[in-house]
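*Asks:* Model the full structure from these sequences, guided by the hints.
2 protein chains.
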Amino acid sequence: MSSQSTPDHLIKEAQTIHPVIDLIRRRWSPRSFSERMLDEERLNTLFEAASWAASSGNEQPWQYVYAFRGTEGFSKLWHCLDDGNRPWTFKASVLIASVKRTIIERNQKVNAWASHDVGMANAHMFLQAVSMGFYCHPMAGFYPDKLRETLGLDEFQEPVCMIAVGYLDDPDKLDEPNRTKEITPRTRKGIDTFARKIT
Amino acid sequence: MSSQSTPDHLIKEAQTIHPVIDLIRRRWSPRSFSERMLDEERLNTLFEAASWAASSGNEQPWQYVYAFRGTEGFSKLWHCLDDGNRPWTFKASVLIASVKRTIIERNQKVNAWASHDVGMANAHMFLQAVSMGFYCHPMAGFYPDKLRETLGLDEFQEPVCMIAVGYLDDPDKLDEPNRTKEITPRTRKGIDTFARKIT
Numbered sequence: 001m002s003s004q005s006t007p008d009h010l011i012k013e014a015q016t017i018h019p020v021i022d023l024i025r026r027r028w029s030p031r032s033f034s035e036r037m038l039d040e041e042r043l044n045t046l047f048e049a050a051s052w053a054a055s056s057g058n059e060q061p062w063q064y065v066y067a068f069r070g071t072e073g074f075s076k077l078w079h080c081l082d083d084g085n086r087p088w089t090f091k092a093s094v095l096i097a098s099v100k101r102t103i104i105e106r107n108q109k110v111n112a113w114a115s116h117d118v119g120m121a122n123a124h125m126f127l128q129a130v131s132m133g134f135y136c137h138p139m140a141g142f143y144p145d146k147l148r149e150t151l152g153l154d155e156f157q158e159p160v161c162m163i164a165v166g167y168l169d170d171p172d173k174l175d176e177p178n179r180t181k182e183i184t185p186r187t188r189k190g191i192d193t194f195a196r197k198i199t
Numbered sequence: 200m201s202s203q204s205t206p207d208h209l210i211k212e213a214q215t216i217h218p219v220i221d222l223i224r225r226r227w228s229p230r231s232f233s234e235r236m237l238d239e240e241r242l243n244t245l246f247e248a249a250s251w252a253a254s255s256g257n258e259q260p261w262q263y264v265y266a267f268r269g270t271e272g273f274s275k276l277w278h279c280l281d282d283g284n285r286p287w288t289f290k291a292s293v294l295i296a297s298v299k300r301t302i303i304e305r306n307q308k309v310n311a312w313a314s315h316d317v318g319m320a321n322a323h324m325f326l327q328a329v330s331m332g333f334y335c336h337p338m339a340g341f342y343p344d345k346l347r348e349t350l351g352l353d354e355f356q357e358p359v360c361m362i363a364v365g366y367l368d369d370p371d372k373l374d375e376p377n378r379t380k381e382i383t384p385r386t387r388k389g390i391d392t393f394a395r396k397i398t
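Protein chains in written order, with our numbering: chain C, 1 to 199; chain S, 200 to 398.
For the record, the hints were derived by calculation from the structure and aren't laboratory data. C-beta: ideal position from N, C-alpha, C; glycine also. There could be a bad hint or two in this list.
What the hints assert, rightly or not - Pair by pair, the computed Cβ-Cβ distance ranges are:
| id | chain 1 | residue 1 | chain 2 | residue 2 | range |
| --- | --- | --- | --- | --- | --- |
| 1 | C | P144 | S | T386 | 28 to 36 angstroms |
| 2 | S | S274 | C | G152 | 48 to 56 angstroms |
| 3 | C | Y143 | S | Q214 | 34 to 42 angstroms |
| 4 | S | T379 | C | P19 | 35 to 43 angstroms |
| 5 | S | T386 | C | G152 | 22 to 30 angstroms |
| 6 | C | D172 | S | H278 | 51 to 59 angstroms |
| 7 | C | E35 | S | R235 | 32 to 40 angstroms |
| 8 | C | F156 | S | H278 | 31 to 39 angstroms |
| 9 | C | F90 | S | S233 | 30 to 38 angstroms |
| 10 | C | E35 | S | K372 | 53 to 61 angstroms |
| 11 | S | G389 | C | D154 | 17 to 25 angstroms |
| 12 | C | G141 | S | R235 | 43 to 51 angstroms |
*Replies:* Now the structure itself:
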């Protein structure tokens with residue numbers, strides 16, 4: 001990892017059976033963020049990483065609205081988060097709202113792949129962040145109607161998730177239950193439970 | 200890249216403005232696949248890479264059904280593809296059906312993030328493949344009802360996309376219009392068109 005990377009003891013590295021790449025093994029969704037701020041250049045690199053995801057018909061249905069900590073915009077986004085996410089996200093360097101465009105530009109039909117394609121773009125962002133030594137935490141726990149109103153979304157835009165971004169800090173700086181969540185090892189189902197070969 | 204990697208002239212590397220990681224710059228969705236077959240170990244590595252994606256409530260709503268070229272299973276999956284995708288996918292080493300579980304296991308409610316989270320898992324697969332020198336091409340062009348019947352999906356499973364996987368071959372081995380698509384440079388919208396800062 002680069003010189004910007006986090007001390008290893010703060011990273012919840014996945015214990016994999018197969019030779020999964022480091023970026024994926026080291027990506028996780030932390031809650032303890034340090035004071036250190038991100039800059040525009042790093043943010044733009046995340047967004048460009050997102051932009052090179054695949055999408056159905058190269059439609060690129062992803063949109064992002066973001067704000068840096070310490071601004072009114074950050075406060076507005078933070079107030080769209082639910083009670084579970086507010087106690088730790090206030091220390092994030094950046095909050096991002098991930099939004100999808102629900103219709104296809106060229107024919108105005110519903111884009112059935114919008115959520116899927118936004119997911120691919122978001123995954124690119126998260127791995128790009130790990131490569132630069134910081135982390136993204138996607139959240140489903142927010143108020144979509146409030147976010148819609150805050151951002152002034154139109155009828156063809158829909159909030160997908162919110163994302164907290166920042167450099168890692170010590171888990172002990174969190175209150176419970178977030179401290180325990182922060183140090184609990186990551187777990188996943190075995191591949192035999194979700195992948196099946198047909199012959 | 201590893202010793203298994205593809206000759207550089209076959210890779211449509213993204214020309215980026217910001218320092219996006221090589222894996223993302225080199226990921227694309229090819230149509231010209233060589234005779235070389237993948238093995239179970241590489242496939243399992245893809246699936247494990249997928250499994251370490253984030254998901255809402257760690258629900259992991261992704262499922263994959265796959266078949267190797269030369270098997271009846273491959274033929275069944277291939278027949279679920281539409282006319283646009285059949286002329287080149289028959290040479291893929293593996294075809295994968297990406298399926299989502301639509302409800303949350305612990306409470307049986309609809310999982311509004313299923314498509315998004317499957318997208319994140321799929322993006323992991325595609326980047327893992329690039330790291331190992333082969334490529335994945337996700338497709339929206341398939342017959343969902345036929346796929347559903349072929350796979351025997353239940354009411355809580357839904358096809359998301361199909362994926363062709365294999366090592367690259369020369370674009371000239373493709374017929375038109377696929378040959379032209381294969382050599383056309385990749386393009387994306389500028390980040391100023393989809394990312395917006397609020398202050």
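*Asks:* Please go over all the hints and tell whether each is borne out by the structure.
*Replies:* These are the hints, each one checked on the structure:
{"no.": "1", "hint": "C:P144 / S:T386: 28 to 36 angstroms", "verdict": "holds (32 angstroms)"}
{"no.": "2", "hint": "S:S274 / C:G152: 48 to 56 angstroms", "verdict": "holds (50 angstroms)"}
{"no.": "3", "hint": "C:Y143 / S:Q214: 34 to 42 angstroms", "verdict": "holds (39 angstroms)"}
{"no.": "4", "hint": "S:T379 / C:P19: 35 to 43 angstroms", "verdict": "holds (36 angstroms)"}
{"no.": "5", "hint": "S:T386 / C:G152: 22 to 30 angstroms", "verdict": "holds (29 angstroms)"}
{"no.": "6", "hint": "C:D172 / S:H278: 51 to 59 angstroms", "verdict": "holds (57 angstroms)"}
{"no.": "7", "hint": "C:E35 / S:R235: 32 to 40 angstroms", "verdict": "violated (50 angstroms)"}
{"no.": "8", "hint": "C:F156 / S:H278: 31 to 39 angstroms", "verdict": "holds (35 angstroms)"}
{"no.": "9", "hint": "C:F90 / S:S233: 30 to 38 angstroms", "verdict": "violated (52 angstroms)"}
{"no.": "10", "hint": "C:E35 / S:K372: 53 to 61 angstroms", "verdict": "holds (55 angstroms)"}
{"no.": "11", "hint": "S:G389 / C:D154: 17 to 25 angstroms", "verdict": "holds (21 angstroms)"}
{"no.": "12", "hint": "C:G141 / S:R235: 43 to 51 angstroms", "verdict": "holds (45 angstroms)"}
When the structure is compared with the earlier hints, violations turn up for hints 7 and 9 and for no others.
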